[in-house]
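Protein chains: 2
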Amino acid sequence: MSNDQLKMPKGFILAGVAAGIARKKGKLDVGVIYAEQPCAAAAMFTTNRVKAAPVLLSQRHISKGKIQAVVVNSGNANACTGKEGINTAWESAKLVAAGLQVKPEQVIVASTGVIGVPLPFAKLKNGILRAIAKIQRPTTNDQPLTAFSQSIMTTDTVPKIVSASFNSNGKKVSITGIAKGSGMIHPNMATMLVFIMTDAAVEKDFLQTALKNGVEPSFNMLTVDGDTSTNDMVMVLASGQAGNKTITAQSRESKIFSQKLSQVCRELTIMIARDGEGATKLVEIMVNGARNFAAAKQVAMAVAKSSLVKTAIFGNDPNWGRVIAAIGYSGENVDPGRVDIAIAAGNRKILMCRNGIDPGFSEVQAKKLLHGKELKLLINLKQGPASATVYTCDFTHGYIDINASYRT
Amino acid sequence: MSNDQLKMPKGFILAGVAAGIARKKGKLDVGVIYAEQPCAAAAMFTTNRVKAAPVLLSQRHISKGKIQAVVVNSGNANACTGKEGINTAWESAKLVAAGLQVKPEQVIVASTGVIGVPLPFAKLKNGILRAIAKIQRPTTNDQPLTAFSQSIMTTDTVPKIVSASFNSNGKKVSITGIAKGSGMIHPNMATMLVFIMTDAAVEKDFLQTALKNGVEPSFNMLTVDGDTSTNDMVMVLASGQAGNKTITAQSRESKIFSQKLSQVCRELTIMIARDGEGATKLVEIMVNGARNFAAAKQVAMAVAKSSLVKTAIFGNDPNWGRVIAAIGYSGENVDPGRVDIAIAAGNRKILMCRNGIDPGFSEVQAKKLLHGKELKLLINLKQGPASATVYTCDFTHGYIDINASYRT
Numbered sequence: 000m001s002n003d004q005l006k007m008p009k010g011f012i013l014a015g016v017a018a019g020i021a022r023k024k025g026k027l028d029v030g031v032i033y034a035e036q037p038c039a040a041a042a043m044f045t046t047n048r049v050k051a052a053p054v055l056l057s058q059r060h061i062s063k064g065k066i067q068a069v070v071v072n073s074g075n076a077n078a079c080t081g082k083e084g085i086n087t088a089w090e091s092a093k094l095v096a097a098g099l100q101v102k103p104e105q106v107i108v109a110s111t112g113v114i115g116v117p118l119p120f121a122k123l124k125n126g127i128l129r130a131i132a133k134i135q136r137p138t139t140n141d142q143p144l145t146a147f148s149q150s151i152m153t154t155d156t157v158p159k160i161v162s163a164s165f166n167s168n169g170k171k172v173s174i175t176g177i178a179k180g181s182g183m184i185h186p187n188m189a190t191m192l193v194f195i196m197t198d199a200a201v202e203k204d205f206l207q208t209a210l211k212n213g214v215e216p217s218f219n220m221l222t223v224d225g226d227t228s229t230n231d232m233v234m235v236l237a238s239g240q241a242g243n244k245t246i247t248a249q250s251r252e253s254k255i256f257s258q259k260l261s262q263v264c265r266e267l268t269i270m271i272a273r274d275g276e277g278a279t280k281l282v283e284i285m286v287n288g289a290r291n292f293a294a295a296k297q298v299a300m301a302v303a304k305s306s307l308v309k310t311a312i313f314g315n316d317p318n319w320g321r322v323i324a325a326i327g328y329s330g331e332n333v334d335p336g337r338v339d340i341a342i343a344a345g346n347r348k349i350l351m352c353r354n355g356i357d358p359g360f361s362e363v364q365a366k367k368l369l370h371g372k373e374l375k376l377l378i379n380l381k382q383g384p385a386s387a388t389v390y391t392c393d394f395t396h397g398y399i400d401i402n403a404s405y406r407t
Numbered sequence: 000m001s002n003d004q005l006k007m008p009k010g011f012i013l014a015g016v017a018a019g020i021a022r023k024k025g026k027l028d029v030g031v032i033y034a035e036q037p038c039a040a041a042a043m044f045t046t047n048r049v050k051a052a053p054v055l056l057s058q059r060h061i062s063k064g065k066i067q068a069v070v071v072n073s074g075n076a077n078a079c080t081g082k083e084g085i086n087t088a089w090e091s092a093k094l095v096a097a098g099l100q101v102k103p104e105q106v107i108v109a110s111t112g113v114i115g116v117p118l119p120f121a122k123l124k125n126g127i128l129r130a131i132a133k134i135q136r137p138t139t140n141d142q143p144l145t146a147f148s149q150s151i152m153t154t155d156t157v158p159k160i161v162s163a164s165f166n167s168n169g170k171k172v173s174i175t176g177i178a179k180g181s182g183m184i185h186p187n188m189a190t191m192l193v194f195i196m197t198d199a200a201v202e203k204d205f206l207q208t209a210l211k212n213g214v215e216p217s218f219n220m221l222t223v224d225g226d227t228s229t230n231d232m233v234m235v236l237a238s239g240q241a242g243n244k245t246i247t248a249q250s251r252e253s254k255i256f257s258q259k260l261s262q263v264c265r266e267l268t269i270m271i272a273r274d275g276e277g278a279t280k281l282v283e284i285m286v287n288g289a290r291n292f293a294a295a296k297q298v299a300m301a302v303a304k305s306s307l308v309k310t311a312i313f314g315n316d317p318n319w320g321r322v323i324a325a326i327g328y329s330g331e332n333v334d335p336g337r338v339d340i341a342i343a344a345g346n347r348k349i350l351m352c353r354n355g356i357d358p359g360f361s362e363v364q365a366k367k368l369l370h371g372k373e374l375k376l377l378i379n380l381k382q383g384p385a386s387a388t389v390y391t392c393d394f395t396h397g398y399i400d401i402n403a404s405y406r407t
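Respectively, the protein sequence lines represent chains A and B.
So the first sequence is numbered by numbering that gives the first Met the number 0: it starts at 0 and just counts up by one.
So the second sequence is numbered by numbering that gives the first Met the number 0: it starts at 0 and just counts up by one.
Okay, chain A solo, but in the shape it has when bound (with noise of 0.2 Å):
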């Protein structure tokens, strides 16, 4: 379905505009979220030591109280520009503060892109103009929701948007999430932007820690290239306006909300791991039999950032000896001599490795599974009852590609 057909939670309004920041010419690059009512808001910010300036202002904001606008803008991540970079995010939060009566501090700002160099404010400001505009005048013509999202895209191929719902007490309650991601994707949080919207009244505390708990099966277990990036966030909005009695951590509610919240994040999640900088496969990694979920997570991202295994999917070539030899280097303390190694996908399933050897498999039938678009590299340590898994892709020309001529 079109995207602006997705159920989009009540209370709030979107606008995506073309300001010239990007440097592909015409593509939308200055998006603005906008709340009817301030917002109970949530968030998680990269942990990278190297903040941007929006992730060091938007920190602040989210800590004061309630937030009732984003802005955001692609092709330049206002990172590592010093005191004109803390100042153009904080000028930008002002001129949306200003242009849709509300406050600054109750403003998001962020940005994606490239590192180090000047966010042209002039431009920014100008797109934040034409996107209040918008927000204040829509026309039939618009299709906001589709815009909004194209705007926060850099070398993604494709806008990720997901919805959800469920009902609260006779109201019907949405769930909205936007994100962008294909490169510098790595955890710990966060590890690109992902906005999110619900029409639930929500309350902070227990909000942030549904969304915690939410991102941490999801985002946090996500790699595209292991580099963190500097600029990223995930962010929840609850304007309220579904009409439902307000969540807390006790209500009856908090089950279902946390459930369509987490949903929310594995599915865009996923949607950023198959749209991965050059990738052609999607790649779950999981993990069985581990003594601990730190463990079991240990273990798998190791193969999940292992260059050669990743090289090895793209190549269609059911190379195990290269994820045991991951495995092995993990840091965990696997017995290799008990470790089993299938690939899955769709109903069909291989074990290519059982107890440390090669079971005696067919390597043409493997490479007919490895052929296909999504994958499962399915691990049993048989050392415990913790699994976990992790989201990736394969390593293709394609990233060189993208990653050699980034900026030129």
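If you're looking for bench data, these hints aren't it; they were derived computationally from the structure.
The beta-carbon is built from N, C-alpha and C at its ideal position, and this holds for glycine as well.
Any given hint might turn out to be false.
[Said to hold, decoys possible] Pair by pair, the computed Cβ-Cβ distance ranges are:
(1) R136(A) / P358(B): 43 to 51 Å
(2) K366(A) / W89(B): 32 to 40 Å
(3) E90(A) / Q364(B): 41 to 49 Å
(4) N291(A) / P358(B): 45 to 53 Å
Position chain B against the provided structure of chain A, taking the given hints into account.
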């Protein structure tokens, strides 16, 4: 100069033959080193939990006492091959021992190549017998040093041999190291196969200390693709035939011996980085101003492992933003506002980032510098006195080509 004009230490005889284990027809793939006398021996082995059969066997033999022979094959790693693999390694040690009239426990066994496929013992046996015959009856046509160094190559494009020498009380002492390694290269120890021979008389404990000290700033500071192999070892054999007084930790010569051994390790490390799979450039990541060595190494390694940094270097893109992003997620508590980043080649140097921001450098000049085959990335954290250098290479289409089709 031709490899065989390199000075060989006294007391060693080498051979390399083609046994049909490697896929490429006629490629030399079995090598043998014979020491005329039992040698003091030291070695370091892979830290991968998955250890190949020859690693397990050689660890035992090194711990038992002197070593008199080495047998190595390429084309098959004899890793993840179960009991049969252990048996194959032991049988090959016995075969070498019988042919050269030494004890099986005095034989080091090494393998490199594809993981998880049984090593064809009949082919190996044939190769070992022919290599022994060459050692026993060398002809004037033989180029044993070249042949041995070729017999251990896999995706290497050049053989890697380094010699050094010094005088010990009027006796000339030589050290020659031979390495293989191009992919699946990442510390900690070990990251490839390295065989070092010296005619010095060296006490075993000191030899192990000197090797460890030589390996830490060289092979342990090397990464091609972040993948630690299952088969790696660095070993040194000391024949004592130079006639010098045995070197111990207390000897006056301990310092010069350690220096020369470290020099051999360092030069081989650089040869491996330059010959990294698909590499077009040798890159040294030098971190200064760190609190301590571990911090410096952690930052240098994060940069050296970043796919985004390595593809930018391939594309001649002076994208220092990716470098500072990698510094930021390295895990070390850096202050981004104090970081300097420069690129250097030959005697030219361009500062791309000063105190975390662009000081206004010429992109054109930086691009020109990046076209060189040997680059230094200079990072100053301004937090303390420590420094570290990591050796790596760029990340190219060649790497994808080699590793998408390694087995097929």
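These are the hints, each one checked on the structure:
no.	hint	verdict
1	R136(A) / P358(B): 43 to 51 Å	holds, 44 Å
2	K366(A) / W89(B): 32 to 40 Å	holds, 34 Å
3	E90(A) / Q364(B): 41 to 49 Å	violated, 33 Å
4	N291(A) / P358(B): 45 to 53 Å	holds, 47 Å
The structure fails hint 3 only (numbered hints given earlier).
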